[in-house]
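Colleague: Residues per chain are reported as follows:
There are 4 protein chains.
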Amino acid sequence: MPGSSFGHLFRITTFGESHGGGVGAVIDGCPPGLTLSTDDIQPELDRRKPGQSEITTPRKEQDTIQILSGVFEGRTTGTPILLLAHNKDARPGDYDVLRTLYRPSHADFTYELKYGFRDWRGSGRASARETLARVAAGAVAKKILRERAGTEILSWVETVGELEASIDPATVTAEAIESNIVRCPDPAAAEKMIERIKEVQADGDSIGGILRGYVRNVPAGLGEPVFDKLPADLGKAMLSINAVKGFEIGSGFEGTRMRGSEHNDPFGLDDQGKTRPMANRAGGTLGGISTGEDLSFRVAFKPVATIGKPQQTVTREGQPTELAASGRHDPCVLPRAVPIVEAMTALTLVDHLLRFDPMRPE
Amino acid sequence: MPGSSFGHLFRITTFGESHGGGVGAVIDGCPPGLTLSTDDIQPELDRRKPGQSEITTPRKEQDTIQILSGVFEGRTTGTPILLLAHNKDARPGDYDVLRTLYRPSHADFTYELKYGFRDWRGSGRASARETLARVAAGAVAKKILRERAGTEILSWVETVGELEASIDPATVTAEAIESNIVRCPDPAAAEKMIERIKEVQADGDSIGGILRGYVRNVPAGLGEPVFDKLPADLGKAMLSINAVKGFEIGSGFEGTRMRGSEHNDPFGLDDQGKTRPMANRAGGTLGGISTGEDLSFRVAFKPVATIGKPQQTVTREGQPTELAASGRHDPCVLPRAVPIVEAMTALTLVDHLLRFDPMRPE
Amino acid sequence: MPGSSFGHLFRITTFGESHGGGVGAVIDGCPPGLTLSTDDIQPELDRRKPGQSEITTPRKEQDTIQILSGVFEGRTTGTPILLLAHNKDARPGDYDVLRTLYRPSHADFTYELKYGFRDWRGSGRASARETLARVAAGAVAKKILRERAGTEILSWVETVGELEASIDPATVTAEAIESNIVRCPDPAAAEKMIERIKEVQADGDSIGGILRGYVRNVPAGLGEPVFDKLPADLGKAMLSINAVKGFEIGSGFEGTRMRGSEHNDPFGLDDQGKTRPMANRAGGTLGGISTGEDLSFRVAFKPVATIGKPQQTVTREGQPTELAASGRHDPCVLPRAVPIVEAMTALTLVDHLLRFDPMRPE
Amino acid sequence: MPGSSFGHLFRITTFGESHGGGVGAVIDGCPPGLTLSTDDIQPELDRRKPGQSEITTPRKEQDTIQILSGVFEGRTTGTPILLLAHNKDARPGDYDVLRTLYRPSHADFTYELKYGFRDWRGSGRASARETLARVAAGAVAKKILRERAGTEILSWVETVGELEASIDPATVTAEAIESNIVRCPDPAAAEKMIERIKEVQADGDSIGGILRGYVRNVPAGLGEPVFDKLPADLGKAMLSINAVKGFEIGSGFEGTRMRGSEHNDPFGLDDQGKTRPMANRAGGTLGGISTGEDLSFRVAFKPVATIGKPQQTVTREGQPTELAASGRHDPCVLPRAVPIVEAMTALTLVDHLLRFDPMRPE
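Residue numbers (my numbering), protein chains in the order written: chain C, 4 to 365; chain B, 4 to 365; chain W, 4 to 365; chain Y, 4 to 365.
A hint or two may mislead.
Each computed DSSO-like pair below joins lysine-lysine, with the alpha-carbon atoms no more than 30 angstroms apart [claimed, not checked]: (1) Y:Lys277 - Y:Lys63; (2) W:Lys277 - Y:Lys312; (3) C:Lys312 - C:Lys91; (4) B:Lys312 - C:Lys312; (5) B:Lys91 - W:Lys91; (6) Y:Lys146 - Y:Lys312; (7) Y:Lys91 - Y:Lys146; (8) C:Lys277 - B:Lys312; (9) C:Lys63 - C:Lys146; (10) Y:Lys277 - C:Lys91; (11) Y:Lys277 - W:Lys312; (12) Y:Lys91 - Y:Lys63; (13) B:Lys195 - B:Lys63.
Covered, in the sense of this in silico footprint (three residues per stretch, anywhere, with C-beta under 8 angstroms from a C-beta of chain Y), are these stretches of chain C [claimed, not checked]: (14) 5-12; (15) 27-34; (16) 77-91; (17) 106-120; (18) 221-229.
Label pairs and their calculated CB-CB ranges [unchecked claim]: (19) Y:Ser182 - B:Ala152: 49 to 55 angstroms; (20) Y:Glu155 - W:Asp206: 36 to 42 angstroms; (21) C:Arg102 - Y:Asp42: 23 to 29 angstroms; (22) W:Arg149 - B:Thr41: 53 to 59 angstroms; (23) W:Pro269 - Y:Pro172: 50 to 56 angstroms; (24) B:Asn220 - Y:Glu155: 40 to 46 angstroms; (25) W:Ser329 - B:Thr41: 30 to 36 angstroms; (26) C:Glu257 - B:Pro172: 18 to 24 angstroms; (27) C:Pro323 - Y:Glu155: 45 to 51 angstroms; (28) Y:Ser182 - W:Pro172: 51 to 57 angstroms; (29) B:Thr103 - C:Asp171: 35 to 41 angstroms; (30) Y:Gly54 - W:Pro269: 28 to 34 angstroms; (31) B:Asn220 - W:Arg219: 57 to 63 angstroms.
Calculated directly from the structure, the hints in this document are not laboratory data. For every residue, glycine included, the Cβ atom is placed at its ideal position computed from N, Cα and C.
Pulled out of the complex, with its shape left as it was, chain C reads as follows (with noise of 0.2 angstroms):
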């Protein structure tokens, strides 16, 4: 059964591959009405682009966006949206050498094994060139999030390797996090997480970091128990994105050394009589619904595979081999993926606004 579609009510299908005719999505289920344009998208998509910063893979790719379908005179009819953009600076030569052996800790390996073989020029629909549809797919549920809930969704470099920022979640900015090129918004560390960052691409290697997704206005009530709660659905958005290892809501893993006694987060009056949690320790969801308090939640990448560093490692024939990667690759995947965590929050949260509106108490 195919795994490219994500969502039910919005639901998205992406296509493409690193190097064939282009990237996109189709977007089937926006609601009819809603002012769309490219400029809506493009700034999203250049958050995203190769060769934005000194510390990004000098791929160049302008990733022009056209919308094909679904919107007239400037409105969504309600019909599918097709979202597309073309593949230019593409140079599979690059990646002759992988046509024969298999990447250490890449999908090269299980692609061939799943499928039978593999476009292997800039390792094909496993490329991170597949993230630019979900990003182009996820500004249109951002709009309709903020339009209709005022949501704001972030996300920001927390650590790199063992570097790691400190910052008040309540009080960053967008702007904060876009000030610097790693997208920290702890100025300091983001100097540091810099530097490291230039020195592992000199040395040919790639380093992991950590992500933090947080949104606010978040509309209550969503998620869908037992299995579609909210917070098993945002693991899952997340875990879909390349290169993710993990993911924690609220207090995560740390969470699990307290007693109840210390996480339970008492429910109080606010200050207009509201009943709310007096603390967030839950990261915005009980029982897997939304409270409306801030949703809080952080994403484990793992460093790079693709390293220039010489590897062991073996060929399609069976013949063990070393392969010192070239191509264009980036040696921290973190500043790219924050518009990327960006959007598949987006795009969960957006379907489950849509999943919950028939459902609402009469």
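Use these hints to put chains B, W and Y onto chain C, whose structure you have.
Modeller: Frame of chain C; chains B, W and Y shown alone:
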């Protein structure tokens, strides 16, 4: 849109509340011809049932499972299988106080918010009693995996609070896990954990911890990029379990501190001359597809929300108050969560096993 | 991929066989807050149950329905509703002969071919007994439609064999339909039909016929182009009923003989000055979307396959033989199919009602 | 919930409008390793394209299809396939009058009602141009069925208005169907049909008719009871095509006049000693599952709604008016619908072929 189904080709739909007529599941898509009786299911339920030891809730439920359809002359017919357990030891009176207020960090608040009112008897649908249905259906999934691929699915307690076991996953046996009531195959750690849980229980408190999930003889090729990657669906499965706040596969959060050259699993040849990863920091998948290596992942459980210690909360009418919960609850959910984690693992894998079949290259 | 679920937002999954433990359905997605008891469901089941009159099978089943979950203090909670009827008057012995051969034009042959073996007791899952679950779930759907939109769903017998009733759909009442045992609101035709069915029954034979489905107060805007058009989903619903061989909406097959200038329904203004079609050859939809006019469609039922007359067939071992079926069967399925057609109509409409909500322009 | 996807394991999502950037489909779930190029698709599109003969609309579209993803070195990779045709001969000016009023019996009215506004250029998404995407995706499905099972899918015109062809389905060839512009393999009837369509066209009118669908070498065992029976999914597929008002399989409506003893297909042994039905009034399925006999069904098309003759209608502002449509339309949709019916048949069958695989008894 409803959320009580899991899986696509082996699809379960669960139903039931803590104090209604019963709980259970319909399995639709179970392959025909499988020998099946309640003897395949009951032992798993007995591992999950309340009152099984001095460190679990004293609620007594026999959790006797019936198969009402889909089996004929001892074999599955390919038609839906209804698994049903009637509720017996329901004491809604124990929960009277919950009619009028919200337990801190519990689903009471969000269920009422989402659905307009709630079944307050024993948490209703949000009760961990719902997981009985998962374990019952998971027993069927386990049997298919065992028969078709020799797959062995294990789970064990790795931490309770800050107590950590020392375990070599490669050699753990089901017997070692079941040899103590906390289900931790490190006997020395198990003893300390049991002691700690008793302390917490005596204190009217609760405590969290981490489970390991571990699978041997995983069929290679499972997982459907780009959204239905195996770790994504496995993560969703785990994050849909009550009290789970985090999931990581392979190196997980720890791996974010490493460089690519340290983290990558080099390919080599095994004793049979077969190409395989020579390490398994990946945790058994690459590019979202199983490699055939053991699956290894961890699941973080927060401390149980319902505790005897007094806590601040608010009534439905908006009056601040204090709650010291009576009722019968687990001080630590981990020992009983072991079969649940195994069941959700089995349900995820069997669905992907069936999803892979039609894609198999000819 | 399993096929025992119907609907997306109001989703039912049915289970059960003719002679197993029972039959029923899980409803997932029923909106919370609906008052519901077995009194809402039992009367519909009584219209479907065997043995209700001299022209139906003499099998006696009380078909007593239980609600095991999803209802609390008389109202739906928004969680899955289990509807269950235990089997009582099962006489598998009646079917012994069917162990070894295939009834002509019956599912015996294909179930064995597809699943490798079959539950031969009373047709197993292929039995019309499965439709009990549809009628039970349909009663819930009907209630939602009635309460939310005043929708009235009717069905009646329009032909039996070549006997045709003369009926004005606009004025038919539920009472008129229920006023005779064949459920045809043309009393003169009904009398002839009953006589004909008795003849056929005496002859050890069976006979087919056509039902009309007719719906008043249909919410406008239902149907999701381009594939989930309302007539498409309604047609699928009808064609999923045992013995159905055809479906037509509005002018149907007859309309193919007309010219556009004759067939088109001109728009005009009604008494309230509202724009409406001035005729309804369309049958209540345009472009796959309900117009708000009455839905009108017809469903063709073949004669029941199981008959007493001797027929040629072949045993499982490949020996030609003759079969004169005993067992208890309907000579004409039409009278009992009326509530089934109504139920499937309700299930289709309620799902589309919920599907429409989130798309509603703001 | 969106409705632009069809199929579960071989799933297509179509997009595009009559006068937007283009139309097309994403296929998700195409098995890997299939040789595929536009040469497999273009001939089918040419059978559907406008302007192909004197009895179709004069709109000129080359309908040139591109494959933008999912194919590498001439073979499918198992990843999503984007099929895209840009719109060329769009003349929105022709439709200016439609901005302000509703064509009788057309989707103009319901699209505006459902979505709040509509793309009035050439019917937007409701245009038959959308079926281009179905035919393109269907060509891929046809190829898989042909290669895996030798399946041959045919469709032909059986009636135009009251003109009926006399055809023996068992011997019809694709060549005979394509030998005349009306696609009716009875040459004498074809001549009359062409004449009739020209008359109707000259008259500014339109006319309906009936297509036969006929499939040889159908894999046995396809269809998933109880809701996703093969006739149910096939019926839905047909009823989702523009202008379709009826569907019947096998004996269909005519069979309702028969007795069981006349209608049943007795089982016997064929020349190879294989058990088979000795007649095929069933039309190729029993109990919703394919028997392996030829599939035979009929599809009723109403006369095209858009005609040149003056008709009464109402403007968006509620003013009664008269419309004599200009624009370029087909006087009879049947000849161009032949490849559409074949495509939807192929899409239904290939999805059920893949759905059956994982259920196959071992």
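Colleague: Would you mind marking each hint as holding or not holding in the structure?
Modeller: Results for each hint:
1. Under the criterion of a C-alpha separation no larger than 30 angstroms, the hint pairing Lys277 (chain Y) with Lys63 (chain Y) is inconsistent with the structure, at around 51 angstroms.
2. About 25 angstroms separates the Cα atoms of Lys277 (chain W) and Lys312 (chain Y), which keeps this hinted pair within 30 angstroms; it holds.
3. Between the alpha carbons of Lys312 (chain C) and Lys91 (chain C) the distance comes to roughly 28 angstroms, so the proposed pair stays at or under 30 angstroms and holds.
4. A distance of roughly 56 angstroms separates the Cα atoms of Lys312 (chain B) and Lys312 (chain C); the hinted pair therefore is violated under the 30 angstroms criterion.
5. Between the alpha carbons of Lys91 (chain B) and Lys91 (chain W) the distance comes to roughly 24 angstroms, so the proposed pair stays at or under 30 angstroms and holds.
6. Between Lys146 (chain Y) and Lys312 (chain Y), the direct Cα distance comes to roughly 42 angstroms. Violation of the 30 angstroms bound is thereby established for this hinted pair.
7. For the hint pairing Lys91 (chain Y) with Lys146 (chain Y), the CA-to-CA distance comes to about 28 angstroms; that is within 30 angstroms, so the pair holds.
8. Taking the CA atoms of Lys277 (chain C) and Lys312 (chain B), the gap is about 25 angstroms. The hint holds against a cut of 30 angstroms.
9. Of the supplied pair hints, the one linking Lys63 (chain C) and Lys146 (chain C) holds, its CA atoms being roughly 27 angstroms apart against a limit of 30 angstroms.
10. Restraint check for Lys277 (chain Y) and Lys91 (chain C): the C-alpha separation of about 58 angstroms exceeds 30 angstroms, so the hint is violated.
11. With a C-alpha separation of about 25 angstroms, the suggested pair Lys277 (chain Y) and Lys312 (chain W) falls inside the 30 angstroms cut-off, and the hint holds.
12. A distance of roughly 8 angstroms separates the Cα atoms of Lys91 (chain Y) and Lys63 (chain Y); the hinted pair therefore holds under the 30 angstroms criterion.
13. Among the hinted pairs, Lys195 (chain B) with Lys63 (chain B) is consistent with the structure: their alpha-carbon atoms are about 26 angstroms apart, no more than 30 angstroms.
14. Only residues whose beta carbon comes within less than 8 angstroms of a beta carbon in chain Y count, and the region 5-12 of chain C has 6; three or more means the coverage holds.
15. With a threshold of 8 angstroms between beta carbons, the proposed coverage of the region 27-34 of chain C by chain Y holds, since 4 of its residues qualify and at least three are required.
16. With a cut-off of 8 angstroms between beta carbons, the region 77-91 of chain C has 8 residues touching chain Y; three or more are needed, and the interface restraint holds.
17. Proximity of the region 106-120 of chain C to chain Y, defined as three or more residues with a beta carbon under 8 angstroms from a beta carbon of that chain, is established by the 4 residues found.
18. Here the region 221-229 of chain C counts 0 residues with a CB under 8 angstroms from a CB of chain Y, which misses the bar of 3, and the coverage is violated.
19. For the pair Ser182 (chain Y) and Ala152 (chain B), the beta carbons lie near 53 angstroms from each other, so the given range of 49 to 55 angstroms is met.
20. Taking the beta carbon of each, Glu155 (chain Y) and Asp206 (chain W) are about 41 angstroms apart, inside 36 to 42 angstroms as hinted.
21. The given range of 23 to 29 angstroms is respected by Arg102 (chain C) and Asp42 (chain Y), whose C-beta atoms sit roughly 26 angstroms from each other.
22. In this structure, Arg149 (chain W) and Thr41 (chain B) break the distance hint of 53 to 59 angstroms, their C-beta atoms being roughly 41 angstroms apart.
23. Take Pro269 (chain W) and Pro172 (chain Y): their Cβ atoms lie about 38 angstroms apart, and the range 50 to 56 angstroms is violated.
24. Hint check: Asn220 (chain B) to Glu155 (chain Y), Cβ distance near 42 angstroms, so the stated range 40 to 46 angstroms holds.
25. Checking the proposed 30 to 36 angstroms range against Ser329 (chain W) and Thr41 (chain B) shows it holds: the Cβ atoms sit about 33 angstroms from each other.
26. Restraint check, Glu257 (chain C) to Pro172 (chain B): a C-beta distance of roughly 23 angstroms satisfies the suggested window 18 to 24 angstroms.
27. Between Pro323 (chain C) and Glu155 (chain Y) the C-beta distance comes to about 50 angstroms, which sits within the given range of 45 to 51 angstroms.
28. Here the CB-CB span from Ser182 (chain Y) to Pro172 (chain W) is close to 43 angstroms, at odds with the stated 51 to 57 angstroms.
29. Against the hinted window of 35 to 41 angstroms, the Cβ-Cβ separation of Thr103 (chain B) and Asp171 (chain C) comes to about 36 angstroms, which satisfies the hint.
30. For Gly54 (chain Y) paired with Pro269 (chain W), a C-beta distance near 30 angstroms keeps the hint of 28 to 34 angstroms intact.
31. In this structure, Asn220 (chain B) and Arg219 (chain W) meet the distance hint of 57 to 63 angstroms, their C-beta atoms being roughly 60 angstroms apart.
Comparing the model with each numbered hint stated earlier shows that hints 1, 4, 6, 10, 18, 22, 23, 28 do not hold.
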